[in-house]
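Quick mapping for you: the protein sequence lines, in order, are chains X and E.
Counting from 1, position 24 in the first sequence corresponds to residue 24 in the working numbering; the numbering is continuous, with no gaps.
Counting from 1, position 154 in the second sequence corresponds to residue 1154 in the working numbering; the numbering is continuous, with no gaps.
Take every hint as true, because none was put in to throw you off.
The calculated lysine to any residue pairs, modelled on SDA-like cross-linking and capped at a C-alpha distance of 25 Å, are:
id, chain 1, residue 1, chain 2, residue 2
1, X, Lys39, E, Ile1017
2, X, Lys39, E, Gln1043
3, E, Lys1038, X, Ala45
4, E, Lys1034, X, Trp42
5, X, Lys39, E, Glu1039
6, E, Lys1006, X, Val16
7, X, Lys39, E, Cys1018
8, E, Lys1006, X, Phe20
9, E, Lys1034, X, Ala45
10, X, Lys39, E, Ile1040
11, E, Lys1233, E, Thr1262
12, E, Lys1006, X, Pro12
13, E, Lys1006, X, Asp13
14, E, Lys1257, E, Asp1283
15, E, Lys1034, E, Glu1045
16, E, Lys1006, X, Ile14
17, E, Lys1006, X, Tyr15
18, E, Lys1034, X, Leu33
19, E, Lys1070, E, Leu1086
20, E, Lys1006, X, Val23
21, X, Lys39, E, Asn1032
22, X, Lys39, E, Val1026
23, E, Lys1038, X, Trp42
24, X, Lys39, E, Ala1021
25, E, Lys1034, X, Leu37
26, E, Lys1006, X, Pro10
27, X, Lys39, E, Val1035
28, X, Lys39, E, Glu1045
29, X, Lys39, E, His1037
30, E, Lys1006, X, Ala28
31, E, Lys1006, X, Ile27
32, E, Lys1006, X, Leu19
33, E, Lys1038, X, Glu36
34, E, Lys1093, E, Ala1076
35, E, Lys1006, X, Ser8
36, E, Lys1006, X, Val21
37, E, Lys1257, E, Ala1274
38, X, Lys39, E, Trp1033
39, X, Lys39, E, Thr1031
These are computed hints drawn from the structure, not numbers from a lab.
Spelled out, the chains give:
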Amino acid sequence: MSPQGSDSNPPPDIYVALLFVGVSALIAGCVFLVLELNKYAWTMAPP
Amino acid sequence: MTFVGKLLVVVQVVLSICFMAFAGAVFTVQTNWKVAHKEIVEQTELDKVAYSDLDTEFNNFKTAINIQLKNETDRANAAENDARMLTQELATKTTELDTTKTELFTQRELAIIAGEEAAERRKEAVAQRVVNENLHTSLNDVITKMRSLENVIFNESIKSKGLIAKHQKLLAEVTNLKSQARANNLDPSPAAVASTQAPPPLVVGLILDTKKGNRKGSEFVEISLGSDDGLLKGHMMSVFRSGAQAGQRAKYLGEIKIVHITPDRAVGTVVDRAKNGTIERGDNVTTRL
Chain X
1 MSPQGSDSNP PPDIYVALLF VGVSALIAGC VFLVLELNKY AWTMAPP
Chain E
1001 MTFVGKLLVV VQVVLSICFM AFAGAVFTVQ TNWKVAHKEI VEQTELDKVA YSDLDTEFNN
1061 FKTAINIQLK NETDRANAAE NDARMLTQEL ATKTTELDTT KTELFTQREL AIIAGEEAAE
1121 RRKEAVAQRV VNENLHTSLN DVITKMRSLE NVIFNESIKS KGLIAKHQKL LAEVTNLKSQ
1181 ARANNLDPSP AAVASTQAPP PLVVGLILDT KKGNRKGSEF VEISLGSDDG LLKGHMMSVF
1241 RSGAQAGQRA KYLGEIKIVH ITPDRAVGTV VDRAKNGTIE RGDNVTTRL
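Isolated chain E, as found in the complex (with noise of 0.2 Å):
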């Protein structure tokens, strides 16, 4: 064999080895385009499928959208009136808040001024209250002393009901007695019955003046003597002639009875006369000779 021959068969072995190595490499490595082809096929046919719901999806979620868009449009524009309207009323209510700021501030030195008349008042309270214990304790005392009182007044209604039964009973006599006395030709009067029991005090007066009474020859005097001095109607006085002047004796002149009486006055008629004797005025008069 040549040398050329040997250079070809090494050649050639070298190049067959090289086509059997670059062939298993691609068999080896080499991706498999007809597959991927398929499968991005079927990715593509599944990804048509999910554009297409996810078109559905979108027309549905646009249709949606604007429907939510128009509602939300409608309700800005609410929403726009009521901020407008809510604005106005913000200032208003701003105005009332100052004016409420304004009160309150006067409300709250109302307030100071109302807690510390309070705390004034609960002070005095507390005084009142030791007040109206010792009230209470009073209260108490009294109302103890009031039953006891009570019970006396139960006891004294009780001897009043009794007193006055009597009262009546004696009131019945009275009248009975009254009634009596009249029929007898005697005053049932206190006085004349005083006059009668009571006997005058020693008193002496002067006659005033006299008085002729009637045909019969009753005669009236008045003397300078009345109730102040203690005497009564029906007071029997003797009349007297002192003797005091020169020429003139004491003399008795007679005796009267008080009929009529003032405080410092009194009118008596003649009922003994001396049968010398002339009552005159400014005679004596005495209740007792």
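Bound-form chain X, shown alone (with noise of 0.2 Å):
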């Protein structure tokens, strides 16, 4: 991603640590919805 070539790796930032921030997140987030999904047993049309 920098211009100079791909042999020296920058140094990560916080922007990176923002990066795993916004990964954790979604995780947290999908880990969340799968248990409410599991309420219902996974049917999506009413009864």
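Fit chain to chain and form the complex, with the hints in mind.
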């Protein structure tokens, strides 16, 4: 991503940390949604 | 990294955090509609059963109510008839009540009068009670006297019994003596006995009439004296001429015996006659010379 080539990896900065935080939040949201769907036994139509 | 890449990273982080927050909120707060649906279905089933029971009960109740309504209707009709009859009876009773009130008023007046009369009678009773007490006292005294008199009567009855026995004995003796007197040609009558025993009083009368009796020459004379003058049958009287007239002198003419007597007259028969004397009307007669 850096203009000088891929040999030298730039050091992680705050934005990389923010990306990890965003991934973690997405994973947590997906877990919550999975748990919610477990309550309905994964049925989408009303009985 | 370009500015746009940095901005997109930041936006991606913010949106990820928002997604996580909404998902967590949904998981935490959102109602479980499936469970709610199941509970509602179960509740509906229970309500249906309860409704069925209630409907059955309602039908039974309706039937019972209809029967009761019919009974109550019959009772109401009967009650209306009774009420009608009672109304008529009430009218009759009202009339009777008026009559009774009138009678009550009359009876009350009578009761007042009777009460006043009773009060007077009570006063009279109190007075009579006092009199009664006095009478009781007198009665006790009289009873005491009566008992003493009963004792006296008892004693007198004993005496009288003795006297009656004595009287019977004396009557037997008198009867015997009368029989003996008749056998001896004696008059046992009290007048004859009295004439023979009691002397005649001293009286002087006149010869009122003379009459020849029978062939033996017995003579009856009527004199002006009777039983009111004390004479009795059987008394002997002397006949004399007083000699008060001129040329006459006092003379004994004879003796008569009273054989019949009235209160103011008497008839005697001559039992002794003077030799030279003739008993005539106007001569005197006396019991003692």
